[in-house]
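Novice: From just these sequences and the hints, can you work out the full model?
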Amino acid sequence: MSALFILIGISLFISLSFLIAFLWANKKGQFDDTYTPAVRMLFDDIKDENKKNNNR
Amino acid sequence: MPSVETTKKIICIHCGESCPNRSIAIGDDYFCCNGCKFVYELLNENNLGSYYKIEDKPGIKVSDKIYDNHFAYLDNEKIIGKLLDFSDASVSKVTLVVPQIHCSSCIWLLENLQKLHEAIISSRVQFLKKEVSITFTHDKLSLRKLIELLASIGYEPQISLDDYEVKTTSKKGSSLIVRIAVAGFCFANIMLFSFPEYLSSDGSLSEDFVDFFGYLNLLLSIPVLFFSATVYFKSAYFGLKQKIINMDVPISLGIAMLYMRSLYEVTTSNGAGYFDSFTGLVFFLLIGKLFQQRTYDSLSFDKDYKSYFPISIIQLKDKIEKIVPITDLLQGDIILVRNNELIPADARLLSSHASIDYSFVTGESEPIEKSYNDKIYAGGKQVGGIVELEVLKNVSQSYITQLWNDANFTETNKKSLTNLATRFSKHFTLAVISIAMFASFIWLLIDPSKAIFVGTSVLIIACPCALALSTPITLGAAQRILGRNKLFFKESDTVEKLASITHIVFDKTGTLTKTKASNISYIGKELTSEQTSYVRSLVHHSTHPLSVKLYDHLQSEKVFAIEQFDEIAGKGICGIIEKSEIKVGSASFCNAEIEIDKSKILESRVHVSIGGSYFGYYKISAQYRENLAQLASVLDEDYTISILSGDNESELATLREIFPEAEAFRFHQSPQDKLVYVRELQDKGEKVLMFGDGLNDAGALKQADIGIAVTEKMSAFSPASDGILAGEKFAEISKYLDFSNRAISIILVSFIISILYNIVGLGFAVMGLLSPLFAAVLMPISSLTVVGFAIIATNMTARKLRI
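Protein sequence lines correspond, in order, to chains A and B. Throughout the first sequence, residue numbering follows the working numbering, covering 1 to 56 in sequence. Throughout the second sequence, residue numbering follows the working numbering, covering 57 to 859 in sequence.
I should point out that these hints are in silico values taken from the structure, not numbers from a laboratory. Be aware that a few hints might be false.
[What the hints assert, rightly or not] Rough simulated footprint, nothing fancy, chain A against chain B, three-plus residues with beta-carbon under 8 Å:
#, segment
1, 190-202
2, 527-536
[Stated by the list, open to error] Taking lysine-lysine pairs in the BS3-like style, the calculated list, with each CA pair at most 25 Å apart, reads:
#, chain 1, residue 1, chain 2, residue 2
3, A, LYS27, B, LYS431
4, B, LYS186, A, LYS28
5, A, LYS27, B, LYS186
6, B, LYS185, A, LYS28
7, A, LYS27, B, LYS109
8, A, LYS28, B, LYS149
Virtual Cβ for every residue (Gly too), placed ideally from N, Cα, C.
Specialist: Structural data, given as structure tokens:
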């Protein structure tokens with residue numbers, strides 16, 4: 001049964017690392033702007049299109 | 057040669073406004089003005105043409121009236137220092153508010169600024185806050201040049217006195233999120249580690265495991281007690297200090313008891329403790345708090361005069377123009393104010409003539425004419441040429457700004473803390489404590505060893521989790537529904553206060569009347585449609601508010617070219633169309649034959665003369681919002697109504713017709729008068745709801761139990777208030793008041809539901825049958841029922857009221 005102690009320790013460690021990851025992301029402002037990044041990611045295509053046009 | 061063109065609507069490819077003619081064009085693309093064409097060319101030259109592909113006609117009409125040295129104040133080191141977020145030897149970073157940001161194209165363009173100027177390193181947009189952060193090398197591009205660049209493409213940042221004051225970067229919301237994260241993490245793990253205990257009720261679990269899980273749970277609950285739950289302890293402590301038993305008192309009592317009992321059970325190996333209930337309780341309660349804290353990123357409820365006063369002004373000292381921060385202005389200083397600039401302090405006019413637009417202050421959009429030696433109050437905007445003024449009072453001592461020196465604005469928490477839940481919790485707490493003592497006493501007689509167990513059980517099970525959740529959830533849901541209907545509250549508690557209102561005070565100008573629209577009628581010799589088109593073509597060239605209104609009102613297909621256009625400040629505009637001279641403006645300017653006693657005119661008149669002969673005038677009067685009379689008759693049933701106005705009595709008859717039952721009509725009210733009036737009502741025991749729109753209502757809005765600012769454009773200025781209402785929804789306020797009353801009934805019903813659960817729980821507790829498993833099941837079930845009921849009932853009520 002002692003394996004259980006180790007497993008619980010590991011599971012706690014993993015979940016704790018998720019908590020820390022969340023706190024870190026929150027502190028770094030990952031959740032401050034929930035709108036602009038969604039729009040921004042669509043712009044990559046536009047840049048490529050522009051380059052193609054310029055090469056022509 | 058005057059050109060006449062029958063125009064189909066040609067739309068400017070940049071800004072989407074209609075073009076007066078086809079004269080400004082590149083290929084088949086037409087523009088309404090040279091400003092738009094310039095931006096189009098600039099963007100295309102720099103490979104930024106995608107701007108026009110992301111959204112259709114995304115541009116902002118560039119006003120070409122910006123002076124060359126409009127941003128000269130940005131050369132002042134002191135001001136630069138205040139505006140920059142960060143600056144080192146070569147790189148600076150600045151965050152600017154750009155109200156014009158409105159679509160994806162805006163984001164794209166503003167994030168590709170580096171293509172426009174090599175010195176810009178990067179730029180990031182925060183769309184909801186309408187902010188752009190720009191990093192640039194300041195050796196190659198000064199802040200002034202950067203902002204001029206932004207202004208030239210239509211994105212002129214809004215820089216106000218607020219930016220000059222200390223920047224506050226407080227983040228209230230995030231700490232609650234962190235508390236919830238910690239509580240949720242601990243709650244979930246404790247639940248997991250509690251399962252073995254639940255599943256082996258017969259005691260088959262070995263002693264080692266019981267101890268191990270017990271101590272593990274104890275360890276995990278420590279951060280919940282000392283970090284997540286501290287908000288409740290603090291709030292209960294402050295409440296008790298002010299001799300108020302708020303809802304957080306029984307909550308704190310319950311969770312403290314839960315914790316101590318669990319601690320005792322685990323350390324003495326007497327059981328598994330209630331750590332799961334404890335952490336779950338804190339977790340759910342904090343979620344309720346989060347639900348209550350709905351914030352609107354794009355709205356600001358705390359604007360005061362600083363948000364729209366300029367940072368600096370041109371001071372004239374020994375005939376040398378010098379830019380100084382307005383906070384440094386002293387009495388007796390001479391200042392220069394240019395077109396569309398704001399007068400920052402009460403002053404005396406030294407120039408011969410000025411026309412001042414007080415729309416920010418009073419909501420009245422038409423400029424007021426002033427002449428030499430007149431006193432001009434702060435807050436007005438000069439329309440027309442440059443004027444010279446002598447400062448009479450410091451900025452903070454001026455007519456408008458002194459409102460903020462009122463005791464009202466320095467006091468915090470002046471609004472009463474006693475809400476429904478607080479009143480209720482007083483009785484609740486006393487009842488629970490007496491039940492606990494009584495039960496312990498009875499058990500002392502039956503079985504003394506169980507007396508403490510029963511007493512603590514009562515306090516634990518009575519912890520009003522569901523009760524505490526019902527208020528924030530209902531109010532939070534109501535706040536969201538009202539938000540969808542364009543009544544935005546700063547705090548959800550306002551919904552509850554709304555239900556207790558007895559007296560409603562309206563400001564007239566801009567609140568009861570529309571800021572933009574007006575009633576326009578023509579009186580005089582009839583104009584042919586040709587002549588009407590002349591007038592319309594002429595007023596199109598003027599930015600005077602009356603011209604704009606007239607232009608929107610008049611219908612004509614044709615647009616005429618104008619020769620020798622001239623605008624004479626304070627008088628009118630003139631020009632030559634098809635060889636006849638057209639004059640539009642004041643009576644004397646147009647040679648009106650009738651002498652008119654100015655004091656008797658209630659509305660604005662715009663006179664017209666064509667070819668030297670006088671024709672007549674357009675009567676422009678303020679237009680009241682739709683369905684006001686209907687609204688008034690509904691409100692009259694339950695509320696007393698007062699109307700305050702800074703104007704003269706001219707509208708009294710109309711107002712009396714709309715509001716036949718109103719208690720008071722007060723005219724010539726200064727900002728201070730309005731505040732005092734509201735305070736007098738409150739002294740009589742009235743709960744006052746105030747509707748206002750301008751800076752002159754700011755004092756009254758703050759003093760009132762609830763102050764709601766009415767605005768036509770959400771992004772536009774609105775004074776500090778508890779709520780912001782879109783002008784178009786003004787006639788709906790009776791529904792919103794009704795809705796708030798029903799929300800209170802919903803809270804009462806959910807109180808009863810949670811009390812029923814409590815009675816069941818208390819029954820078990822008093823009989824000494826409370827087990828950790830029972831507590832862990834009852835608590836979430838009762839909370840979920842109450843939360844579900846509150847949300848469903850609130851939404852159904854909203855649907856029933858059709859809001």
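Novice: Compare the structure with each hint and give your call.
Specialist: Results of checking the hints against the structure:
1. 190-202: violated (count 0)
2. 527-536: Violated: only 0 residues of the segment 527-536 of chain B have a Cβ under 8 Å from chain A.
3. LYS27(A) / LYS431(B): 52 Å, violated
4. LYS186(B) / LYS28(A): 20 Å, holds
5. LYS27(A) / LYS186(B): Answer holds: LYS27(A) to LYS186(B) is near 21 Å, not above 25 Å.
6. LYS185(B) / LYS28(A): 18 Å, holds
7. LYS27(A) / LYS109(B): 36 Å, violated
8. LYS28(A) / LYS149(B): The hint holds at about 18 Å.
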